[in-house]
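J.: Respectively, the protein sequence lines represent chains Z and F. For the first sequence, the numbering used here begins at 1 and goes up steadily by one. For the second sequence, the numbering used here begins at 303 and goes up steadily by one.
A hint or two may mislead.
[Stated by the list, open to error] No farther apart than 25 Å at their CA atoms in a straight line, the calculated lysine to any residue pairs in the SDA-like style are these:
(1) Z:K239 to F:R507
(2) Z:K115 to Z:P158
(3) Z:K53 to Z:T98
(4) Z:K239 to F:R514
(5) Z:K115 to Z:A139
(6) Z:K196 to Z:S172
(7) Z:K251 to Z:L204
(8) Z:K239 to F:T508
(9) Z:K57 to Z:G288
(10) Z:K136 to Z:L152
(11) Z:K213 to Z:Q240
(12) Z:K251 to Z:D156
(13) Z:K239 to F:F515
(14) Z:K239 to F:D506
(15) Z:K115 to F:F653
(16) Z:K239 to F:G592
(17) Z:K239 to Z:S65
(18) Z:K115 to Z:S81
(19) Z:K136 to F:V459
(20) Z:K57 to Z:A44
(21) Z:K239 to Z:G66
(22) Z:K136 to Z:N301
(23) Z:K239 to Z:I290
(24) Z:K115 to Z:G274
In short, the hints are calculated from the structure, not lab data.
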Amino acid sequence: MSKSLLPMESFKLAEYAQQIPCYICSMDNSYDAEMCHWCQAPMALAHQANSQKLRPKMLAAIGASGVGKTVYLGMLLDMLSRQPQRMQILARGAFSITLQQTAIAALARREFPNKTPNEPDHWNWMHCQVTMPTRKHSAELIIPDMSGEAVLEEVDHPNTYRAIPAFLRHCSGILLLIDAVQLMEGSREQDYFSMKLLSYLSELDDDPKRGWKHRPVALIFTKADQVERCFDDPAAYAKQHAAGLWQHCRKRFRNHQFFASGVAGACSTRFVRGRGQITSPLRIEPRGIIEPFEWLVGQMNS
Amino acid sequence: MQFNSTVRSLVRSAWGAALAGLLSVLWCWYFRDTWLFWFGNLGVGASLLRLGICLRKERAPAVRHHDHHQEAIAAAPVEAANEIGSLVDQMLSDGRYALLLRPQIAGDLTDELYQSALQMLEDEMAIVPTGEVGVAVNDWDDPDSMHSRSEPEASEVVIRVDSLYIDRYPVTNEQFQSFVDAGGYEQSSIWHPDILPAVLDFVDRTGLPGPRFWQNGRYPPGMARHPVVGISWYEALAYARWVGKRLPTDAEWVKAGSWPVSLGNSGRRQRRYPWGQTMDRERANLWASGIGSTVSIDEFAAGVSVGGVYQLIGNVWEWTTGDYQTGAANAADQDAEPLKNIRGGAFDTYFENQANCEFSSGEHPLGRKHNIGFRCALGLCDLALQRQPDVGSAVDSQSVELSSESEVSEIEEVVA
Numbered sequence: 001m002s003k004s005l006l007p008m009e010s011f012k013l014a015e016y017a018q019q020i021p022c023y024i025c026s027m028d029n030s031y032d033a034e035m036c037h038w039c040q041a042p043m044a045l046a047h048q049a050n051s052q053k054l055r056p057k058m059l060a061a062i063g064a065s066g067v068g069k070t071v072y073l074g075m076l077l078d079m080l081s082r083q084p085q086r087m088q089i090l091a092r093g094a095f096s097i098t099l100q101q102t103a104i105a106a107l108a109r110r111e112f113p114n115k116t117p118n119e120p121d122h123w124n125w126m127h128c129q130v131t132m133p134t135r136k137h138s139a140e141l142i143i144p145d146m147s148g149e150a151v152l153e154e155v156d157h158p159n160t161y162r163a164i165p166a167f168l169r170h171c172s173g174i175l176l177l178i179d180a181v182q183l184m185e186g187s188r189e190q191d192y193f194s195m196k197l198l199s200y201l202s203e204l205d206d207d208p209k210r211g212w213k214h215r216p217v218a219l220i221f222t223k224a225d226q227v228e229r230c231f232d233d234p235a236a237y238a239k240q241h242a243a244g245l246w247q248h249c250r251k252r253f254r255n256h257q258f259f260a261s262g263v264a265g266a267c268s269t270r271f272v273r274g275r276g277q278i279t280s281p282l283r284i285e286p287r288g289i290i291e292p293f294e295w296l297v298g299q300m301n302s
Numbered sequence: 303m304q305f306n307s308t309v310r311s312l313v314r315s316a317w318g319a320a321l322a323g324l325l326s327v328l329w330c331w332y333f334r335d336t337w338l339f340w341f342g343n344l345g346v347g348a349s350l351l352r353l354g355i356c357l358r359k360e361r362a363p364a365v366r367h368h369d370h371h372q373e374a375i376a377a378a379p380v381e382a383a384n385e386i387g388s389l390v391d392q393m394l395s396d397g398r399y400a401l402l403l404r405p406q407i408a409g410d411l412t413d414e415l416y417q418s419a420l421q422m423l424e425d426e427m428a429i430v431p432t433g434e435v436g437v438a439v440n441d442w443d444d445p446d447s448m449h450s451r452s453e454p455e456a457s458e459v460v461i462r463v464d465s466l467y468i469d470r471y472p473v474t475n476e477q478f479q480s481f482v483d484a485g486g487y488e489q490s491s492i493w494h495p496d497i498l499p500a501v502l503d504f505v506d507r508t509g510l511p512g513p514r515f516w517q518n519g520r521y522p523p524g525m526a527r528h529p530v531v532g533i534s535w536y537e538a539l540a541y542a543r544w545v546g547k548r549l550p551t552d553a554e555w556v557k558a559g560s561w562p563v564s565l566g567n568s569g570r571r572q573r574r575y576p577w578g579q580t581m582d583r584e585r586a587n588l589w590a591s592g593i594g595s596t597v598s599i600d601e602f603a604a605g606v607s608v609g610g611v612y613q614l615i616g617n618v619w620e621w622t623t624g625d626y627q628t629g630a631a632n633a634a635d636q637d638a639e640p641l642k643n644i645r646g647g648a649f650d651t652y653f654e655n656q657a658n659c660e661f662s663s664g665e666h667p668l669g670r671k672h673n674i675g676f677r678c679a680l681g682l683c684d685l686a687l688q689r690q691p692d693v694g695s696a697v698d699s700q701s702v703e704l705s706s707e708s709e710v711s712e713i714e715e716v717v718a
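The following block holds chain Z by itself, in its conformation from the complex (with noise of 0.2 Å):
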């Protein structure tokens, strides 16, 4: 009867009575954990922030579901990471190149990428590191890709999803997303959403000096193309179509600014049987995809 040896990996045992914090929400966990077992943000964001000794900024992009989250990210990190003259990304971790990827392959395909889970644990977050020619010091944002109807959830049910407010409470800027089209078919959901969404926002932080009140705040109009005079002026497109989300931003935000943006050039809907109708882009044009986060970057560091 032999014996056997277990080597006894007391370094291992340090490790796991060391507690890590989430960089999200900054509750212990051990240090194998995946996601945070409170708010399901991925660790690895915690881990990064240690070992490189960072401790990078948080910009969310909200809107809407359908809104065109996930494709305004996706496309605006191709974009800077193919073409650095204006700006430059560069990914953090391999983690951080799955948006990108899942957003490019599908619009390659000419299909809009699926919808975003609701559950932060299955939400693509993105860490990197952006250089501009004009600055010296490069930035670290951290960026998810959050499901809308997730924050809608919880700006309706608060702690439904506590990823949410504890990154949205970090934020230094944000980037929130407006339907185009839907505003100008006369729909008023997109203008009572974003208006929910900021007032959200002014009560999660509403310190006199570094509350919501003072960051910036990038409002987009996302399908533009199909809506081309929101191009020639987005300030006088919300004046005109989103009236309340309009006056909202005067009184409630100092710092913000209205930008238009389209991704495809031209889209056609047609019936699937078992999907329903399809809306497919006929082809893949970028407009104004970096300014508003050219923007906000600024902003955020002056």
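Once you have looked at the hints, place chain F on chain Z.
T.: Below, chain F without anything else, positioned relative to chain Z:
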């Protein structure tokens, strides 16, 4: 009226002369031996002189009128020839040489004018030989199938194309300015009848007729040689008609770019890009080129096709005549009006596989986008590329005189 007054004047003069003569005779008989006799004779002479002057006065206008008529007859061929010359010069400067080379017009031109038009055709357009070409079509599968896709799967159809001329370059702002200046937006005959009510809506930023991004009916400064953009499919069609051309079909456009070569039984070999089989960012203005706007038609010359057609890929999408297959299952799914095909990609086309000779996208025919332009085409059968030897320089002045007026009206008719 003129005749009556002349007769009355002559009668008055004759009566006056007769009365003066009678008095003079009586005077001479009474004072026959005195100096007064001669005075009476002077009276008779004066009366006759007055009659003569009067007759001459009446005759003079008729003579002058006759002289003018003779001069006019002599100058008519020259003036008509000048009129034709200036009209043809204007048409050539407007790029409407294709109209002059129509069989019904070309025979009436002088050799010099005909050669000018022909030279312009060869400078501005490239020939595409007859032959077969494979054209990719969006094959949307059966919507009732459980395996329906949301993206089309390209399949190829082989189409035979007759010889044609296609513009070497996309139509520029400068060229389109001629159309706008000539009142092209007001000429209902060149517009598609269905679209006439919408023509009033084809205005620039200042509300004047013209492409969407122009101001005060003028193209933006420094953009003369850039492709015209912000024009709908109907505006492109109207311009093409105005210059005596038409929009290319999809097969014609693809053939001009892919330049297929028949390999007999082995099939056919055609290029994916005008310059070859692989993408080269130095040869086309796409998003990856990093320019971010249209460029002059003179740039990216390395992207020329075998036949000498420039910028088929990149810079601006180009309207063709074909309808885009959206794959809609029934009429309810279709857009109110079918989309029209656009080809070639533009300066902001992101994916390189969407800017080649095979790929087509769709756009609403009333869409006036910032990145869609066009080029024109013309079938060889529509042109008089050879003329009878006795026509042209052999035309003498007499025949010019006889045909000049009808010729001008015929040209003007075709132009209109």
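J.: Now tell me, hint by hint, if it's right for this structure.
T.: Each hint tested on the structure:
1. Z:K239 to F:R507: holds, 21 Å
2. Z:K115 to Z:P158: holds, 22 Å
3. Z:K53 to Z:T98: The hint holds at about 24 Å.
4. Z:K239 to F:R514: Satisfied, since the Cα-Cα distance of roughly 23 Å is no more than 25 Å.
5. Z:K115 to Z:A139: violated, 29 Å
6. Z:K196 to Z:S172: Cα-Cα ~19 Å, so holds.
7. Z:K251 to Z:L204: holds, 17 Å
8. Z:K239 to F:T508: holds, 22 Å
9. Z:K57 to Z:G288: holds, 23 Å
10. Z:K136 to Z:L152: violated, 39 Å
11. Z:K213 to Z:Q240: Within the cut-off at roughly 24 Å; holds.
12. Z:K251 to Z:D156: With a Cα-Cα distance of about 23 Å, the restraint between Z:K251 and Z:D156 holds, given a limit of 25 Å.
13. Z:K239 to F:F515: At roughly 23 Å apart (the allowed maximum being 25 Å), F:F515 and Z:K239 satisfy the hint.
14. Z:K239 to F:D506: Holds: Z:K239 and F:D506 sit about 24 Å apart, inside 25 Å.
15. Z:K115 to F:F653: Roughly 23 Å between the alpha carbons, so the hint for Z:K115 and F:F653 holds.
16. Z:K239 to F:G592: violated, 33 Å
17. Z:K239 to Z:S65: With a Cα-Cα distance of about 23 Å, the restraint between Z:K239 and Z:S65 holds, given a limit of 25 Å.
18. Z:K115 to Z:S81: holds, 24 Å
19. Z:K136 to F:V459: violated, 56 Å
20. Z:K57 to Z:A44: holds, 15 Å
21. Z:K239 to Z:G66: At roughly 23 Å apart (the allowed maximum being 25 Å), Z:G66 and Z:K239 satisfy the hint.
22. Z:K136 to Z:N301: holds, 12 Å
23. Z:K239 to Z:I290: holds, 23 Å
24. Z:K115 to Z:G274: Judged against 25 Å, a Cα distance of about 16 Å means the pair holds.
Violated hints, in rising order: 5, 10, 16, 19; the structure is consistent with all others.
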